[in-house]
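Following the hints, complete the assembly by docking chain B onto the known chain W.
Which chain is which? The protein sequence lines are W and B, in order.
Quick note: the first sequence, position 268, residue 267 per numbering that gives the first Met the number 0, numbers continuous.
Quick note: the second sequence, position 233, residue 232 per numbering that gives the first Met the number 0, numbers continuous.
If you are wondering where the hints come from, they were derived from the structure by calculation, not from laboratory data.
Glycine residues also receive a C-beta, built at the ideal position from the N, C-alpha and C atoms.
There's no promise every hint is true.
Selected chain B positions facing chain W (in silico; Cβ < 7 Å) [unchecked claim]:
id	residue
1	Pro101
2	Gly104
3	Ala106
4	Pro214
5	Thr269
6	Pro272
Each chain, written out:
There are 2 protein chains.
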Amino acid sequence: MTGPVTSKPLIEALKGETMEVPPVWLMRQAGRYLPEYRELRARARDFLDFCYTPELAVKATLQPVRRFAMDGAIIFSDILVVADALGQTVGFVDGKGPVLEPLDGAAGVGRLSLQGLPERLAPVYAAIAGVRGELPPATALIGFCGAPWTLATYMVEGGSSRDFARTKAWAYGEPEGFRVLIDLLVEALAAHLIAQVKAGAEVLQIFDSWAGVLPDTAFWEWSIKPIRAIVERVNASCPGVPVIGFPKGAGILYEPFARETGIDAVSIDTAVPCDWAARALQTTITVQGNLDPVMLVTGGTALEDATTAICARLHRGPFVFNLGHGVLPQTPPDNVQRLVDCIRGRVP
Amino acid sequence: MTGPVTSKPLIEALKGETMEVPPVWLMRQAGRYLPEYRELRARARDFLDFCYTPELAVKATLQPVRRFAMDGAIIFSDILVVADALGQTVGFVDGKGPVLEPLDGAAGVGRLSLQGLPERLAPVYAAIAGVRGELPPATALIGFCGAPWTLATYMVEGGSSRDFARTKAWAYGEPEGFRVLIDLLVEALAAHLIAQVKAGAEVLQIFDSWAGVLPDTAFWEWSIKPIRAIVERVNASCPGVPVIGFPKGAGILYEPFARETGIDAVSIDTAVPCDWAARALQTTITVQGNLDPVMLVTGGTALEDATTAICARLHRGPFVFNLGHGVLPQTPPDNVQRLVDCIRGRVP
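So that you can see chain W by itself, here it is in the shape it has in the complex:
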């Protein structure tokens, strides 16, 4: 421990401070691996209903903070609430993931509307305000959204996809039509992030979970540029609120992403070598990452060794400990405790 808390370590690290003990939070730290979450989840009709019930979302958000004293609390919500709030039909089928009525090209985009967004997403903002009131003083509250490209893939494919053929074929074959959707998402997502800050979020993360399937020219067009537009709006409305970008699977393209989007920190996936990240990214930006979530399933000395190695390779610059992807449902909670202990007690 670094002595009495005078500020929030997560925010300090995101603003470029090199910390003695890296702050830690985990993507999907609230979720099915926690028995107290499963108990809570059983109270809501469906997943979207759960996200839109502030009382439940507040409790779910706080569960891992209370259990593990995480440095960040990410609001319990989903990237698809924005598609829902724009007027698309969104459902979640247990064990199958999200199911959307696929967007039908330009006509489908024409039926979406920004009008109802603030009202539909009001429960998310209410949950954020609720969490903020109950958060330990050293814990930072994280709001988030999906990036335009990633959200577009769900909206166009109607759910998850193996090849993203519908979305890509549209983006490649009719870029000006696809741009109307992306531009609308930039508006909606910037508004959603700004509203989260107004409600109490102190940090923002933009998840571009499917950025890694794009060739580089398309990556610039549909990942970097729209995210830069969102970050510009957020910076103008909410100066000083750090933004983390997560272009999962971007590989070589992490470097231009980190440089060109205007983000304050970049979350790296499991495949990014930490030494490369220290050299190519951390010299100009905070790096967050990147333990393999399967290590939290494995546990034992393998977990400790991998954790220590990541800290050793990234502790010389601004660094936030996180996973390379979300916590897996089969993760034993004790392994998360072991991870947090390891980070806080053993960093070189």
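Positioned in the frame of chain W, the structure of chain B alone reads:
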């Protein structure tokens, strides 16, 4: 066209020649997108039966060569024939992909055996010999296998996976046990590649389709090292036969993979920027890639522009045109013709 054919352009390019017109072949160039393939496929009971019937495998292999005059003919087979030949139960369910009886740790590995491999795979070698006899003189015959890591994921998970949690947890938590499986696969796969060359294959490709999910230390251990062991054996038994490696999704790790495995050429996926590949890989090795397969679904000027751009960015060094992944089933065959015409008629 470059005048009368005196040798095989694919082999020349793989051996380091910079060609005026890049040779071209496509991963999954034989397959469901071709009506003549679907007609042929209907004659076999199941997919594995199809692979093991030389008459059918020969015809399927030759179909895209006849239609598009590809520079390479890849033998129609599957990476899972080796799991089957080792004694694991392998099936293919239409629309669902491969289904294997998941390997049960060390006990499961103990039940696998190299003994039956040459006999079980004899039909693959018969098909290779059959194709070789019917191939146009400028077309090179490509044999292939899955890499140990990728094959292990199918064998341990029992099929495709989203998170590879079983395989990774084994590799992370009990590396010496997992190594027994990987070492066995190195033996089996080296033998399979060498037998393919003896039957008539002139080029080999090793598909490490899931290398990109590994953190860097595990990537070195379970992708680079086993592939290097295979390449060493192949080089010793079959000097002069070029080997292509394809660590899909490896990102930053393409560079050590290309440098350390001993391969002659590296196949890059869609997310690898060609300019980076020209700088970081093509200075020492032939680069193969990397059009997005969805571009072949899109067609039109988008297809031509993307094709021309890739050629322009990689034509100054040894280069083989290919996709970043396999041909999609919904690809219109006319678009493949258009691609080949574009490569052969329009390279700057």
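Residue hint B:Pro272, partner chain W, criterion CB-CB below 7 Å
holds, 4 Å
Under 7 Å, Cβ to Cβ, is where B:Pro214 needs to be relative to chain W, so tell me if that hint holds or is violated.
holds, 5 Å
Holds or violated: is the Cβ of B:Ala106 closer than 7 Å to a Cβ in chain W?
violated, 20 Å
Given hint B:Gly104 near chain W, where the shortest CB pair must fall under 7 Å
violated, 14 Å
With chain W as the partner, please determine if B:Pro101 meets the hint condition of a C-beta pair closer than 7 Å.
violated, 15 Å
Go through the hint on B:Thr269 and say holds or violated, using the shortest Cβ distance to chain W against 7 Å.
holds, 5 Å
Hints 1, 2 and 3, counting from the list given before, are not met by this structure.
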